[in-house]
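There are 2 protein chains.
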Amino acid sequence: MYYIAVYDVGEKRVGKMLKIFRRYLHHIQNSVFEGEMTPASYQKLKYEAAKLCNDETDSVIFFELNGKYMNKEIIGTEKRPASNFI
Amino acid sequence: MYYIAVYDVGEKRVGKMLKIFRRYLHHIQNSVFEGEMTPASYQKLKYEAAKLCNDETDSVIFFELNGKYMNKEIIGTEKRPASNFI
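So the sequences go chain by chain: A and U.
The working numbering numbers the first residue of the first sequence as 1 and each following residue consecutively.
The working numbering numbers the first residue of the second sequence as 101 and each following residue consecutively.
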């Protein structure tokens, strides 16, 4: 399956969340990722993300697509400020 | 067409960008939106976003999907902290 994933987590957890997501998906913007995952990888990523997540303040969203999206358009820069945190 | 859109813009422009996006799409997380748009609405939204965007620091991504996604899973909270800015 193809996924788009975004997260919005507290500053203290941003770096760790980024490291987790990078092991599974392509990093395309600050907190936005995309890529193909097997059902097993998807379960593992969800498990790791849920363990780190603060359920009251943080949010992670996974969109499971029926095949890859048709098109992606980017306005502005493609840089990923979060990369600087590592 | 169905769209998922995310932005990462400077703090000064977050409120204005939110107002623009809310006129076209559903707000589902801090800077994440989804919904159906006609080609004309999509062009208008891109035009408004591009006008506000700082091309060197800001980034807006539109994913154009072939129909709606299969599934959406949310870990953590569904709250949208950016709503407080309005």
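These are calculated hints, taken from the structure and not from any lab test.
Just to be clear, a hint being listed does not mean it is correct.
[As the list claims (entries may be wrong)] Covered, in the sense of this in silico footprint (three residues per stretch, anywhere, with C-beta under 8 Å from a C-beta of chain A), are these stretches of chain U: (1) 111–123; (2) 141–152; (3) 156–164.
The structure presented is a predicted model; accordingly, all values stated were derived computationally and were not measured.
Note that CB positions come from ideal geometry on N, CA and C, so glycine has one too.
Right, here's what the structure says about each hint:
no. : hint    : result
1   : 111–123 : violated (count 0)
2   : 141–152 : holds (count 3)
3   : 156–164 : holds (count 9)
In terms of the numbered hints stated before, the structure departs from hint 1 and from no other.
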